[in-house]
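**Student:** Following the hints, put chains C, P, B, A, G, U, V, L and Z in place on chain E, whose structure we already have.
As you go down the protein sequences, you meet chains E, C, P, B, A, G, U, V, L and Z in turn. For the first sequence, full-length UniProt numbering assigns the number 1 to the initial residue and increments by one for each residue that follows. For the second sequence, full-length UniProt numbering assigns the number 1 to the initial residue and increments by one for each residue that follows. For the third sequence, full-length UniProt numbering assigns the number 1 to the initial residue and increments by one for each residue that follows. For the fourth sequence, full-length UniProt numbering assigns the number 1 to the initial residue and increments by one for each residue that follows. For the fifth sequence, full-length UniProt numbering assigns the number 1 to the initial residue and increments by one for each residue that follows. For the sixth sequence, full-length UniProt numbering assigns the number 1 to the initial residue and increments by one for each residue that follows. For the seventh sequence, full-length UniProt numbering assigns the number 1 to the initial residue and increments by one for each residue that follows. For the eighth sequence, full-length UniProt numbering assigns the number 1 to the initial residue and increments by one for each residue that follows. For the ninth sequence, full-length UniProt numbering assigns the number 1 to the initial residue and increments by one for each residue that follows. For the tenth sequence, full-length UniProt numbering assigns the number 1 to the initial residue and increments by one for each residue that follows.
Hints are all accurate, no fakes.
Per label pair, the in silico range of CB-to-CB distance: (1) C:Asp94 x E:Pro72: 20 to 28 Å; (2) U:Pro72 x G:Phe74: 37 to 45 Å; (3) V:Met15 x G:Ala25: 22 to 30 Å; (4) L:Ala21 x A:Val9: 37 to 45 Å; (5) B:Lys28 x C:Glu33: 53 to 61 Å; (6) V:Pro12 x E:Arg26: 26 to 34 Å; (7) G:Ala25 x B:Pro72: 22 to 30 Å.
Away from chain V, derived, C-beta distances all over 12 Å, residues of chain Z: (8) His4; (9) Ile23; (10) Ala29; (11) Arg36; (12) Asn59; (13) Ser69; (14) Leu71; (15) Pro72; (16) Ser90; (17) Ile91; (18) Glu93.
Worth flagging that the hints you see were computed from the coordinates, not collected in a lab. Backbone N, C-alpha and C fix where the C-beta goes; we use that ideal spot for every residue, glycine too.
Spelled out from the first residue to the last, the chains are:
There are 10 protein chains.
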Amino acid sequence: MLFHVEMVVKLPPDMPTEQVADIKAREKAYSQELQRQGKWRHLWRVAGSYANVSIFDVNDNDELQEIISGLPLFPYMDIQVKPLCRHPSSIREDDS
Amino acid sequence: MLFHVEMVVKLPPDMPTEQVADIKAREKAYSQELQRQGKWRHLWRVAGSYANVSIFDVNDNDELQEIISGLPLFPYMDIQVKPLCRHPSSIREDDS
Amino acid sequence: MLFHVEMVVKLPPDMPTEQVADIKAREKAYSQELQRQGKWRHLWRVAGSYANVSIFDVNDNDELQEIISGLPLFPYMDIQVKPLCRHPSSIREDDS
Amino acid sequence: MLFHVEMVVKLPPDMPTEQVADIKAREKAYSQELQRQGKWRHLWRVAGSYANVSIFDVNDNDELQEIISGLPLFPYMDIQVKPLCRHPSSIREDDS
Amino acid sequence: MLFHVEMVVKLPPDMPTEQVADIKAREKAYSQELQRQGKWRHLWRVAGSYANVSIFDVNDNDELQEIISGLPLFPYMDIQVKPLCRHPSSIREDDS
Amino acid sequence: MLFHVEMVVKLPPDMPTEQVADIKAREKAYSQELQRQGKWRHLWRVAGSYANVSIFDVNDNDELQEIISGLPLFPYMDIQVKPLCRHPSSIREDDS
Amino acid sequence: MLFHVEMVVKLPPDMPTEQVADIKAREKAYSQELQRQGKWRHLWRVAGSYANVSIFDVNDNDELQEIISGLPLFPYMDIQVKPLCRHPSSIREDDS
Amino acid sequence: MLFHVEMVVKLPPDMPTEQVADIKAREKAYSQELQRQGKWRHLWRVAGSYANVSIFDVNDNDELQEIISGLPLFPYMDIQVKPLCRHPSSIREDDS
Amino acid sequence: MLFHVEMVVKLPPDMPTEQVADIKAREKAYSQELQRQGKWRHLWRVAGSYANVSIFDVNDNDELQEIISGLPLFPYMDIQVKPLCRHPSSIREDDS
Amino acid sequence: MLFHVEMVVKLPPDMPTEQVADIKAREKAYSQELQRQGKWRHLWRVAGSYANVSIFDVNDNDELQEIISGLPLFPYMDIQVKPLCRHPSSIREDDS
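One chain only, chain E, in its complex shape (with noise of 0.2 Å):
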């Protein structure tokens, strides 16, 4: 079941450099985890921002619950959630 998640980052500016390197090594490791699981079906830069927009592939409303919460990133970031399914006039396969 897809789910599309836009993502704004939003770091303290006061936070300490090693800090937020930590973190962001943390949030790379956890991403490419999921995306090599094939739950994280899609992950590209807004072009021009600190943002993302990313396309989950998860069992249900449960499970996306359990990945957002658990990014490293989570407290700092700005979250929009919206439930997809499949369009009537797409012809992939894999667009659902």
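**Tutor:** Coordinates of chains C, P, B, A, G, U, V, L and Z only, in the frame set by chain E:
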């Protein structure tokens, strides 16, 4: 080059039924032709709405404008465009 | 799987009285059938408005889309969808 | 009498870990006691967020204010309240 | 139990003059009857607008809904409702 | 002359407890003195919030500014002002 | 007593040309009469728009309401009102 | 050439009292000097707020920027600018 | 003197095709004449929309108003105006 | 390929003066280097603000992201990006 486009359809409530059917049929054909060409890479319905999220893969901004302004439903949609680029944490070949 | 849906009805002021009565009757029948099936789990009026808050219990996003887009009032409503999941502090069996 | 309440939690990023743990534990106990009393009738997490949707069943506006302003997380939440009433299409005994 | 209600009137510009006069006359009669009953406790015009601020004193949310949805101008107004309760600093007997 | 004023209190989360208590005590005394003078005609809590709705009866805009800018909580509040006047449908002597 | 009023004109696109001309002529006459009386103290066009910024000098809120609701264009404008008072740094005699 | 400028002051709540007093004194002197030069033509307080509405009479956009960015309170204000021009219905010599 | 203007075109969906063609032809001629005069310095389409971003070079606010209010599409556009001035980091001769 | 970018600078009020001077100097050098390369085609100050409007000429979305995320002021700005393309009414060679 990828663009993220959200389209919300707002047909006038007094549009005749046949005109609605005709415009939707033309929109579907137009969309599927672009999907076959690889220009319209993804197309999802936002669940619980008359809206979609799409990913376009075009040569440049001019081609994006040509495609979107040619949509049969173009005069009846609210449309938001975001340029996308590769995310440094993405591991997928086709996320750019 | 639960979804929280808010619907605000905006009928065109010039819709004929009989058409309004007909569409409302069909909406009521549709809603009550889904309540009997257990798909439409809760339905409340927001006091002082022509709006409701609903909780749907569906198999997945596709079923949610099918139900909502089938509402007789669908073309005349502003609709907002939020996916719900179990709250760690909930003690009710049926809050998920 | 039912009220629909949405709460979005915004803890200051520099709140010490123990203080966060303490305030969350007190919030959980407070919430579960009210659930047992039947005052806090439903409690759901909004998937992909640090927010909840709740249904309260109280005697009047004063009791609603007493309950909400007593929440341990009250100073750290954006809260929206909507009064609910019976929907003419509802078939459930307990939707009012 | 008190509720704060703001109403902004938006009549369609092409509504016939007699219909406007009729609906306003019925709105006035309806409002004054409720004021006499003590249900509509205050009614003020917002200066420089076609809007009012009202305080209702009703038994519960259901009565509020019944009164507001019965307003002759109901289909032509944007309406916002806020539940009120006694303020701990108020010294007036009738502020609750 | 009447004014409708909404005040939403936003105290900094790190304000020391004694300072909070002191500022609230001064706010209460200030408010009650103005209520006794008849300047602050109504004061209600908005249920489920740290906000109030007030009706002021002042000589002119200058007096309104003097009263509101003198509130001990003034630097910590979002404040919205609407001038009120007599509504043609009001039957109450004191609604103006 | 001064009030700051912004008016944005939104004429229905299908209003007949003569009706537009008539309503504008009456608006102009009405406005100039009030300027001659000193009630409408300033009137500026916002460049690049069909909107104005005005300063009214009236006895009280009731007179403001009487003047604004009497504008021939009143049903076709979005109007925002702000009460003004003397600024402590102003050195002009007529800024209050 | 006239410009309409609204300024809302938002001082950090932890700014030391002397610094506040100093910045306000410099703002007042700066403002009064520009009023004497005829550059800052009107200055009003918005009643019930820490905000003002101002009319500037400058040679061009560059001078406007020079004046506004030189305000001692500039870093602590939300500022909105609208270019003004003569209104065809104005009868005042100095409304342009 | 430069102004930044964004225009979003919203033609009524029931405007006859010939009227649309006529108004667009007049808009194009009007725009190109002003470009030739150097008054309309830049004109870009916002990709994926029926909107443009323009830079005007005019003598003053009055000329800006004269040009914009004379646009054949003026009654059908949402228009936002920002005054521009030289940026201290610009190295281009013609950025002012 | 052209992009329209608006940047609003929001420096923390407690940033030390030297740090502000340093970051602004680096921003200026960075901006002027890109202007010399022809990547940053226009740069204007929005009069009365700490904001700019810029036109970038880049190869693709990735280069836009690289340039913008490299701005020394990037963590302190609200940034909005719009893709531009040739307007059918433009007569200028360099508006694309």
